[in-house]
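Here is how the chains run, residue by residue.
Protein chains: 2
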Amino acid sequence: MRRFVVIGQTATASGEFSLDDLPATSGRLDVLVRCVRAALLVSHGLRRDAMIYLVLQGGSRAPRTIKIDGRTAEYVRPDERSLAGAIRSLLVRAESPGFDVSTRGVALADGGLDAVIADLGDFTPYVLDESATDMRSATIDLRNPVFFVGDQLGFAESTRSRLAVLGALPLSVGPVSVHADDAITLVSNELDRRAARA
Amino acid sequence: MRRFVVIGQTATASGEFSLDDLPATSGRLDVLVRCVRAALLVSHGLRRDAMIYLVLQGGSRAPRTIKIDGRTAEYVRPDERSLAGAIRSLLVRAESPGFDVSTRGVALADGGLDAVIADLGDFTPYVLDESATDMRSATIDLRNPVFFVGDQLGFAESTRSRLAVLGALPLSVGPVSVHADDAITLVSNELDRRAARA
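These protein sequences, in sequence, are chains A and B. Using our numbering, you'd call the opening residue of the first sequence number 1 and step up by one each time. Using our numbering, you'd call the opening residue of the second sequence number 1001 and step up by one each time.
One chain only, chain A, in its complex shape (with noise of 0.2 angstroms):
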């Protein structure tokens, strides 16, 4: 299972944007929109080996964090609209479940980078950086590999000392500093090639 961790250091936690002008009124919630499409769908389906955490930081009801299964999802569909009005039908919720309580595959829980570390269980973190080690001549533990990615801001230096501490091996995805949507596909095409030729 590979799982990626985008945290959104301005993308709201609370539901109250407009799906009319989603990165002038979400704090660039749809970066992590796009991260899910790019994590989560392929050709003809859901990858059901991949998980993503959007970890909300910003607005009134920060820190929160959204989890996505690609195990158990349904009806995750490509297209932006779509995916932030199904995160925001979740956001407008008084309560946050929790990661253990989900539906059709998503779940809602209170808490930020803390709250996913918990949740993770065993894992290998590593964290996209423009500045790091190719991934292509990295060793990547195929089995449960967790990849931490920035927003449009990068990292907090806060979040990157976390990282550090929970010794996450740092990549890079090429020469060029991209989207993390964009980080995102390239880092699941390298485990592809990689699953094929295990």
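All clues given are correct.
Simulated DEER-style distance windows between Cβ atoms: (1) A:Val-42 / B:Ser-1043: 21 to 31 angstroms; (2) B:Asp-1141 / A:Glu-95: 52 to 62 angstroms; (3) A:Val-165 / B:Glu-1157: 52 to 62 angstroms; (4) B:Asp-1141 / A:Ala-156: 33 to 43 angstroms; (5) B:Ala-1118 / A:Gly-15: 41 to 51 angstroms; (6) A:Ser-161 / B:Ser-1131: 40 to 50 angstroms.
Derived contacts from chain A toward chain B, CB cut-off under 8 angstroms, selection only: (7) Asp-30; (8) Pro-78; (9) His-179; (10) Asp-182; (11) Leu-186.
No wet-lab data here; the hints were simulated from the structure. Even glycine gets a Cβ: it sits at the ideal position worked out from N, Cα and C.
Given chain A, put chain B in place with the hints provided.
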């Protein structure tokens, strides 16, 4: 200059679609819109060495083709709604001024694949095909490559034949069949890596 040609078999060439339900009302123009972001945008702006053609084969005014030139493009936003809105504004116009008439790097022409091929000038053609040779082990022209990309339906048989006559080399991006925008992201990364090594 790297160029991508995405062929939308159902994507509408008329502007008569709703931004509130792009997938259902535009013949899956959403697929092509996501390709624009993947081809042209990176973390800190636009790829000035990239260009994308969207061949629109659906709807009453088909075929028409949009060309977005990274050298001169401005205000290209990453979110689907903004991109789709810009495309709609272009498509609702009565006239299609042709590839030579561009506004902020964006042009609209009548015609489909043949019009694109006539516009391409000097180029080496490649066609993305999941069953083909792995791009990582292929020789790729870095000066003037053109990548033909299918939509959610793949390629029509007539398009396949046309590309074969053109001598397009089939390339695969990996062992899993991915969305068109992911394929563009993967090709772009491979080209970035080769350019960095050159």
